[in-house]
Amino acid sequence: MCGIVGFLAKDSAHAAASGRIVLEMLEALARRGPDGAGFAGIGPAVDGHDQTVVIRIAGGELRVLRALDALGIVDQSGSGPRLEGGTIRLRFEPAQGVTAGQVETALSAAAGAPEVLAFGPRLELVKGVGPPRALEAAHAVSRFVGPVAIGHTRMSTESRIDLCHSQPFWIHGLPDHAIVHNGHITNYHRLRRAFEQEGARFHTENDSEVIGVFLKRSMDQGLDLIQAMERSVDELDGSFNYLVAAPEGLGVVRDPHGFKPLVLADAVEFTAVATEEIALEQALPGPFHAREPAPGSVLFFPAPKPAQSARDAGQRLRSTGT
Amino acid sequence: MSEPLPNSDPPAARPEAAVIDCQGLTTRAIGAAVWAAVDLGSKTARLENPGARHSLGVALPEGFELVIAGSAGYYAGGLNDGATIRIEGNAGWAAAESQRAGTVVIAGNAGNAVAASIRSGLVVVRGNASTRAGIGMKGGALVVAGDAGPMAGFMMQKGAIVIVGDAGDGVADSMYEGTIYLGGQAGELGADAVFQEIGPADHRLIEDLLGRAGLSRPVNGFRKLVAGRKLWNFQTSERAVWKGAL
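Chains A and B are the protein sequences, given in the same order. The first sequence maps to residues -16 to 305 in this note's numbering. The second sequence maps to residues 56 to 301 in this note's numbering.
Mixed in with the good hints there might be a few duds.
Claimed, not checked - Partial pick of chain B residues on the chain A-facing surface, computed with a CB cut under 8 Å:
id: 1; residue: Gly106
id: 2; residue: Arg108
id: 3; residue: Ser126
id: 4; residue: Gly128
id: 5; residue: Asn145
id: 6; residue: Gly147
id: 7; residue: Trp148
id: 8; residue: Ala162
id: 9; residue: Asn164
id: 10; residue: Gly166
id: 11; residue: Asn167
id: 12; residue: Ser185
id: 13; residue: Thr186
id: 14; residue: Gly204
id: 15; residue: Pro205
Hints are computed from structural coordinates only; laboratory data are not their basis. Even for Gly, the Cβ is constructed at its ideal location relative to N, Cα and C.
Okay, chain A solo, but in the shape it has when bound:
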């Protein structure tokens, strides 16, 4: 089973509600996945002077904090490192050219190789075992604000039930990109072997992780995100609906056989996608037209440019006469 949801806000009012909307969609799909729940959102655009990134690491142990300290990774959010839901989150300014991979490598020696769950100026990614309400209790995802967000409720079939095997998956090496997947990638082992021989690193035994590795590898070979998604339809086997959250927008991919359900509503103010229509109905009051993307679809819904959002906000103010 599993349930996936995605939301793209096209105006500031919906961007302000995207965390709550995705949580409500997840709650509607909670029975599709009692084993885990997760959320990934792209926060508001940062101004050009802000060089900080958010990093979230699995494991809330003191030794990880000490190791981060030893690496000179110091929280600059003002509130200190956040220990929540078995993870550590901090915002820091990496030294010139420092990547998540280098942080991870440095941590592996010092602190027992905790996985870097998310990395990027705008990405907030949280996940854990249990239902969506446990996710909300640990991380207050309903308070998230931003133009793009995805979520997942997990029914584990192939791999263990723990935080790191839950979804979404950050695409390691690609800041601010995350995926959620519903289905089963049946050529996972073959792809994983091939990618590992080329030097790719896998962090879990979850077959869904290979989607992010696939996209990253294709983009390293010169494809853009949409071209990489198109290639994945031909090269991934099995059943898959997957969503990509990126600063540029929301990606939606279906396998050529339509093995898994997916409905999509593309309204003036938002684009919402979910495994079942019940999630759209529960989280988004008001009439909208829900349709099923054709099997084999590769869709990309661009996030509004910050300038457009500002213009939209201006129109909003004028139209209400203030």
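Given the coordinates of chain A, work out where chain B should sit on it, guided by the hints.
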């Protein structure tokens, strides 16, 4: 003031249409309310705010009419026992699955496996049908006013499917018997699917089904797909057909 007439019969019991607001109700509570209406002798019921919940209007009896005033989730009108069920929005997977008798009309689009394994009666999709429409049908009829997704009529055994629009790849794959009438274009045909010459009896059947579905369309231009029957028995000389089918 006149005396009441002696021995006057009470007004004939005229069951009202039950209106059930699904807001805040569990699927089980909605089902219980519908069945209470059936047991009290109501002839119709209307589900307001269905919210695309699953398993609405399952196994309802002959003579009963249920209106679902919005979208329904999975298995809407499943195991239908003779009722008329009108879904005013979309339906999720397996709407009207295993219908024994009756009519299910979906105003919007239908998800995967609409009319799966129905034995009799009529299922109408006024929008588009997704993958595997009419899979394993054992009788009855499915009318799709729009397009049907891949694998329509997969492993169909009996009955008729009318697709007014286009059919996706794999249409009529591995059918035993039954007929698909196609108004639009077909993708790649399914294993063992063959076009057969269409005759006056076919046109009468299409006309009848379109009429019952409330669609007025000219019946000319439909094409007829049936099983080539090469998969009925295994023959080593036709290994290639089997390889494609399996």
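For each hint, the structure was consulted:
1. Against a cut-off of 8 Å between C-beta atoms, the interface hint on B:Gly106 holds, since the closest Cβ of chain A lies about 4 Å away.
2. Interface hint status for B:Arg108: upheld, as the beta-carbon distance to the closest one in chain A is roughly 6 Å, under 8 Å.
3. Taken as an interface hint, B:Ser126 checks out: its beta carbon lies about 5 Å from the nearest beta carbon of chain A, inside 8 Å.
4. About 5 Å separates the beta-carbon of B:Gly128 from the nearest beta-carbon of chain A, less than 8 Å, and the hint is met.
5. Because the closest C-beta pair between B:Asn145 and chain A is about 6 Å apart, less than 8 Å, the hint holds.
6. At a threshold of 8 Å, the smallest CB-CB gap from B:Gly147 to chain A is about 6 Å, leaving the interface hint in force.
7. Because the closest C-beta pair between B:Trp148 and chain A is about 6 Å apart, less than 8 Å, the hint holds.
8. Interface restraint check: B:Ala162 against chain A, minimum CB-CB distance 12 Å, threshold 8 Å, status violated.
9. With a least beta-carbon distance of about 6 Å to chain A, the hint placing B:Asn164 at the interface is held under the 8 Å criterion.
10. Because the smallest distance between the Cβ of B:Gly166 and any Cβ of chain A comes to about 6 Å, under 8 Å, the interface hint for this residue holds.
11. This hint holds: B:Asn167 has a C-beta 7 Å from the nearest C-beta of chain A, less than the 8 Å allowed.
12. Residue-level restraint check for B:Ser185 holds (minimum Cβ-Cβ distance to chain A is 5 Å; threshold 8 Å).
13. Below 8 Å, beta-carbon pairs count as interface contacts, and B:Thr186 has one with chain A at about 4 Å; its hint therefore holds.
14. At its closest, the beta carbon of B:Gly204 sits 6 Å from a beta carbon of chain A; the interface hint therefore holds under the 8 Å criterion.
15. Against a cut-off of 8 Å between C-beta atoms, the interface hint on B:Pro205 holds, since the closest Cβ of chain A lies about 6 Å away.
The structure is inconsistent with hint 8 alone, although it conforms to all the rest.
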